[in-house]
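Undergrad: Work out the full structure, taking the sequences as your base and the hints as a guide.
Now for the letters of each chain:
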Amino acid sequence: NAGVTQTPKFQVLKTGQSMTLQCAQDMNHNSMYWYRQDPGMGLRLIYYSASEGTTDKGEVPNGYNVSRLNKREFSLRLESAAPSQTSVYFCASSEGGSGIVSPLHFGNGTRLTVT
Amino acid sequence: AQSVTQLGSHVSVSEGALVLLRCNYSSSVPPYLFWYVQYPNQGLQLLLKYTSAATLVKGINGFEAEFKKSETSFHLTKPSAHMSDAAEYFCAVSDRESSASKIIFGSGTRLSIRP
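Chains as they are written, first to last, in my numbering: chain A, 1 to 115; chain B, 1 to 115.
Treat the hints loosely; a few may be bogus.
[Stated by the list, open to error] Mimicking BS3-like on lysine-lysine, the simulated pairs with C-alpha atoms at most 30 angstroms apart in a straight line are:
1) 49/B / 71/A
2) 14/A / 57/A
3) 9/A / 49/B
4) 57/A / 69/B
Just so you know, the hints here were simulated from the structure itself, not pulled from any lab data. If you're wondering where the values come from, they're calculated on a predicted model, not measured in any experiment.
TA: Below is the structure:
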């Protein structure tokens, strides 16, 4: 009964390094999301994938790329990390689809620090 | 584009008192609306959702929210606060006109409960 699994849980990067955050869900959900959470700013949508094969920009996409590898997996890549990307990153999924309202299921987050 | 505004980044109430957390939305048509709760060091969990079936929505843990189109509001209430309600609460919106998959969160309200 894993739900949404994110790896790693913690990561420290130096400015300019790259890394990929992994996310997988086992609920056969269509839609997947990446959010970042910063104090006083709530959750901000980075990218989302309404269905397998599609990705769209959210509120704060600059400095990030995503890949919807298959229906289960949605990765977030930082090509050249910056201190402003220090944050807690959450992956989420929902049953999905355009026109279908369903709740988000969240992973436990990845705490990223960029020095 | 849709958005939500949560009034008050921090609300403190006494145990047993009424809880009222405010959320106002901006959307050209009545959107889908959600309340989520986040306990320390965890991901978010759905409390309740509005999808137009009824304006008063009941959720888990005794919470409810009322959709008021005239006020563009979706405030969260609970008649009697418990210590276990201490957490951060997020209002979220999904626009019916565009992709229902794009879900935007407010900045959050931290609820503290005084003994």
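Undergrad: Are the Cα atoms of residue 49/B and residue 71/A separated by 30 angstroms or less?
TA: Satisfied, since the Cα-Cα distance of roughly 25 angstroms is no more than 30 angstroms.
Undergrad: Holds or violated: residue 57/A and residue 69/B, Cα atoms, limit 30 angstroms.
TA: Holds, because 29 angstroms separates the two Cα atoms, which is no more than 30 angstroms.
Undergrad: Given the hinted pair residue 9/A and residue 49/B, is their Cα-Cα distance within 30 angstroms?
TA: holds, 29 angstroms
Undergrad: Is residue 14/A within 30 angstroms of residue 57/A, Cα to Cα?
TA: Judged against 30 angstroms, a Cα distance of about 26 angstroms means the pair holds.
The structure agrees with every numbered hint stated previously.
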